[in-house]
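Protein sequence lines, in the order shown, are assigned to chains A and B. Numbered per our numbering, the first sequence spans residues 30 to 230. Numbered per our numbering, the second sequence spans residues 30 to 230.
Because the hints were derived from the structure by calculation, they are not lab data. Be aware that one or more of the hints could be misleading.
Any copy will do: because identical chains look the same in the list, a pair fits if it lies in one copy or spans two.
[Unchecked claim] Derived pair list, reagent style SDA-like, types lysine to any residue, alpha-carbon separation capped at 20 Å:
id: 1; residue 1: K41; residue 2: P74
id: 2; residue 1: K41; residue 2: K85
id: 3; residue 1: K41; residue 2: L71
id: 4; residue 1: K48; residue 2: A135
id: 5; residue 1: K85; residue 2: D153
id: 6; residue 1: K87; residue 2: G73
id: 7; residue 1: K48; residue 2: R227
id: 8; residue 1: K198; residue 2: D84
id: 9; residue 1: K198; residue 2: E165
id: 10; residue 1: K66; residue 2: V77
id: 11; residue 1: K66; residue 2: A47
None of these values were measured; they are calculated from a predicted model.
Protein chains: 2
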Amino acid sequence: MAKRVTGPEIEKLIQLLAKVPGLGPRSARRAALHLIKKREQLMGPLSVALGEAYDKVKVCSRCGNVDTSDPCTVCTDDRRDQSVIIVVEDVSDLWALERAGAMNAAYHVLGGTLSPLDGVGPDDLNIKGLITRVSEGGVREIILAVNATVEGQATAHYITDRLSDLPVKITRLAHGVPVGGELDYLDEGTLTAALRARTAI
Amino acid sequence: MAKRVTGPEIEKLIQLLAKVPGLGPRSARRAALHLIKKREQLMGPLSVALGEAYDKVKVCSRCGNVDTSDPCTVCTDDRRDQSVIIVVEDVSDLWALERAGAMNAAYHVLGGTLSPLDGVGPDDLNIKGLITRVSEGGVREIILAVNATVEGQATAHYITDRLSDLPVKITRLAHGVPVGGELDYLDEGTLTAALRARTAI
């Protein structure tokens, strides 16, 4: 804004809100006004919730998930099959797989993918922790649920290699046509993979 | 999420973020993860900023703007021409007009529009305050910058009527073709207004 029309505290709030993904400078202003109008119902509680999360959030030393306890909710959940570990790049992937709700397994968050150009090597990822977990025994399957990108696949290969001496089954997600997807819009690689992995009806 | 994969503090944070305009349930999760990753740079400062705004924000008793001081920054700005008052429905309209930066005037925020069907009458809006400001003298022009909706125009008519006995010039925003707008996409009402208010080149 050219001239100040409101106090510095509100302008500071707008600046910070604009940094939240999903909000830009314009929607940050709208969000700030909404928060001001819902002072009791939203602004106060959100401030408290952010403060509590700020104080309590930590990375699980076992699997790399973010949580307010260490080990995290997933690692300490004895209704999960802790002998199956789904390896993901990021916590958001863990959350996405849990939304699908297809597996009742444990997780391991790598925190990224190998990317020599960006200077990300094996020691920058949470790979050592995964090998430790498998070495300790009790793990029968590792599901590599990394992204189907070049970096993701390179990371999957590296992990497969490192685990090759250990008695654990290693699997990866199936490639194929997304559910609800139209063939016309899919790339050749996906279509080739879907044809090769065709299943009997 | 079907099963808990993270602590209650983080889930609470996601729930509250989902209520912020511009964020839905899915982008709230992404925002929460981003905040967790930027704990020092964003999560902490945002919590503090929300807390400060929560403590300090108030409605200006003179014009209805939201600010951390009362009277607000706009009302106390002596570089503004306080004898011209732009009447708007909402604080967001005040901010929008200030972004345009075309006028250096005072404002008056009504807090809505007359809407008998929704039970909003003159006493529910900040109209009495406007009449008081004009009655006190020193105001030479009232610019009715309400929305070009039925409710906005009805509110403008009501205010014009109430101010008719006072020695003040009342104006409204021009109707016409939006700058950058294509005629083909405009409604008949706007085109008619633009033709009627045509100006010599």
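* 20 Å Cα threshold - placement of L71 relative to K41 -> both (18 Å within a copy, 12 Å between copies)
* Is the C-alpha distance from K198 to E165 at most 20 Å within one copy, between copies, in both cases, or in neither? -> Only inside one copy: K198 and E165 sit 15 Å apart there, 84 Å across copies, limit 20 Å.
* Asked: Are the CA atoms of K48 and A135 at most 20 Å apart within a copy, between copies, both, or neither?
  -> For K48 and A135, neither the intra-copy (32 Å) nor the inter-copy (31 Å) Cα distance is at most 20 Å.
* Asked: 20 Å Cα cut-off: does K85 pair with D153 within a copy, between copies, both or neither?
  -> neither (24 Å within a copy, 44 Å between copies)
* Asked: Between the shortest in-copy and the shortest cross-copy C-alpha distance, which are at most 20 Å for K48 and R227: within, between, both, or neither?
  -> Answer is neither; intra-copy 45 Å and inter-copy 43 Å both fail.
* To do: First find the shortest C-alpha distance between K66 and A47 inside one copy, then the shortest across copies, and answer within, between, both or neither for a cut-off of 20 Å.
  => both (18 Å within a copy, 16 Å between copies)
* Between the shortest in-copy and the shortest cross-copy C-alpha distance, which are at most 20 Å for K41 and P74: within, between, both, or neither? -> both (19 Å within a copy, 9 Å between copies)
* Checking K66 and V77: alpha-carbon separation at most 20 Å within a copy, between copies, both or neither? -> Classified as both; 17 Å inside a copy, 18 Å across copies.
* To do: At 20 Å max between alpha carbons, let me know whether K87 reaches G73 within a copy, between copies, both or neither.
  => Close across copies (14 Å), not inside one copy (23 Å); limit 20 Å.
* Asked: For K198 vs D84, is the C-alpha pair at or below 20 Å within one copy, between two copies, both, or neither?
  -> Intra 39 Å, inter 57 Å, cutoff 20 Å: neither.
* State whether the alpha carbon distance between K41 and K85 is at most 20 Å within one copy, between copies, both, or neither. => Close across copies (13 Å), not inside one copy (24 Å); limit 20 Å.
This entry does not satisfy hints 4, 5, 7, 8, going by the numbered hints stated previously.
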